[in-house]
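Below are the chains, spelled out letter by letter.
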Amino acid sequence: MAMTYSEQVMDHFINPRNVGKIEDADGVGEVGNAKCGDIMKVYLKVEDGILTDVKFNTFGCASAIATSSIATEMIKGKPIGDVLELTNKAVVEALGGLPPVKLHCSVLAEEAVKAAVKDYYDRHGILYDPALFAALEHGDEDLHTAFVEE
Amino acid sequence: MRSIYLDNAATTALSPAAKQAMLPYFDGIFGNPSSLHTWGQQASAALQDARERIALCLGADPKEITFTSGGSEADNQAIFSAAMAGAARGKQHIVSSAIEHHAVLYYLASLQTQGFDVTILPVEPGTGLVRPADVAAALREDTCLVTIMFANNEIGTIQPIAEIGALCRQRKIPFHTDAVQAVGHVPIDVRALRADYLSLAGHKFHGPKGVGALYCRKGMPLRSLLLGGAQERGHRAGTENLPAIMGMASALEESLALLGQTDAVMVPLRDRLIARLRDIPRARLNGHPTLRLPNNVNFCFEGVEGEALLLLLDAQGIAASSGSACTSGSLDPSHVLLALGLPHEIAHGSLRLTLSRYITEADIDYTAEAILQVVERLRAMSPVWERITADR
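Sequences listed follow chains A and B, in order. So for the first sequence, the numbering used here puts the first residue at 1; every next one is plus one. So for the second sequence, the numbering used here puts the first residue at 1; every next one is plus one.
Chain A on its own, in the form it takes in the complex (with noise of 0.2 Å):
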């Protein structure tokens, strides 16, 4: 197989940003499972609507790696409701591309953040259009089909 890694997805795996934990984090999120390869866990701290600090841990492969660490990059210092709006399309160009069997670890990275700021919402008590995180509820097995496919 095709496995070859652009130089932005080796720089974020060998030298990975964000990465631990926020103990007393307002949001966290967490996706994917053991089974299939990889969980991918984010942290976030909320100060006045802005996401002050983020932070991940992840088990998995070096895109999973690669895609948890440039995704709380991009996501760093905007407004959370901002964050909606990562696309698993933007982590994949910000990365300079990825494998194709590899992309369903770009969705996990987009679900991770939203899983994220899902929970900060509920913890918070802010309303929001259940719509935003439909994608959630899709079963991991689906997206690896879904995606390897492509």
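In case anyone wonders, no lab produced these hints; they're calculated from the structure. Be aware that one or more of the hints could be misleading.
Mimicking DMTMM-like on lysine to aspartate or glutamate, the simulated pairs with C-alpha atoms at most 25 Å apart in a straight line are [claimed, not checked]:
#1 K35(A) <-> E376(B)
#2 K76(A) <-> D24(A)
#3 K21(A) <-> E376(B)
Only some residues are given here: those of chain A computed to face chain B with a beta carbon under 7 Å [unchecked claim]:
#4 I14
#5 V19
#6 A25
#7 V28
#8 K41
#9 G49
#10 N57
#11 G60
#12 F133
Quantities reported herein were computed from a predicted structural model and do not represent experimental measurements. Using N, Cα and C, we set each Cβ at its ideal position, and we do this for glycine too.
Start from chain A and add chain B according to the hints.
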């Protein structure tokens, strides 16, 4: 930076002697062995010489050796030959194991679509041993082939091939063994093994790529997969790859000549690496502790993923491989690790390191240290590891 190649089960470096042995056959003795003129006859004599030398290395007769493009072709041809002969006599049952190479398993799957019945035997959990009693119990009146690998490419487990060969011979059932990982690494005598077919590949023992051989015992059916010429006594059409064949013969002789001294160094190095890696918490050795190839080390580290592991090691100048789904290009981790009874999440964290005679103690110590650091680093960011340690 250091450069340590520990992926010798994938392929090996051509040995300098094998390389020298190949050189005269590119432009000096370049004739077609099938040609009648002097050029052709020189090539034909060299081909015969290589066949005799390889036969001698295996305890076979030269006429029992057919050159192929590699191990996969040899596996395919052995199974095809026995299956077609079986089908002609109304026998369409084949016995194999869950940890065979895909060159065997995929070929068997294709035969299943053509009406063959295939029994895939499970292996002993953890060690990957095929139990001869299971083979015996699976044999039927219509069994036309038993195919069990000599040694596994991922976990290095060496099977009780002589025992399985003996029980097949007793029942007069053709027996094939894929010995691609074993030839050149352990002493092999096809007569003692009671093997009817045996596959090997040149590039696994410091020979060139793109060449292999199939041993087929005299009197057993052998059919060509390729039609179009009478090369290899009609058993394989296509002009022989003479430089590669000469390189393979030389590499095999050299590997066997060095076997004693290689083992004396390699086995302690293998065990040194195993001992160091066992010190890592939640690390387990895959495969049999003693019945394993002298060059094979295979571990699972809980809470980390194999591809990340191997790329971080690559960044430190170490070549390894993994049976994680990410490296196999499929959803599932290696079928071998799953057959050992490992859960998916643990199989994802596998790492295979395969030594060669060019590896030193300093290489092993550097590698062990690098693995310790890399596992620790990945675990520090792993939510799976966090859960495992929280549960303790």
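Okay, the hints, checked on the actual structure:
1. K35(A) <-> E376(B): holds (21 Å)
2. K76(A) <-> D24(A): Roughly 17 Å between the alpha carbons, so the hint for K76(A) and D24(A) holds.
3. K21(A) <-> E376(B): holds (16 Å)
4. I14: OK, holds: I14(A) within 7 Å of chain B, min 6 Å.
5. V19: The hint holds - V19(A) has a Cβ within 7 Å of chain B, the shortest such distance being about 5 Å.
6. A25: violated (13 Å)
7. V28: violated (10 Å)
8. K41: holds (4 Å)
9. G49: violated (27 Å)
10. N57: Constraint on N57(A) satisfied, holds at 5 Å.
11. G60: holds (5 Å)
12. F133: violated (20 Å)
Hint check: violations occur at hints 6, 7, 9, 12; the rest are consistent with the structure.
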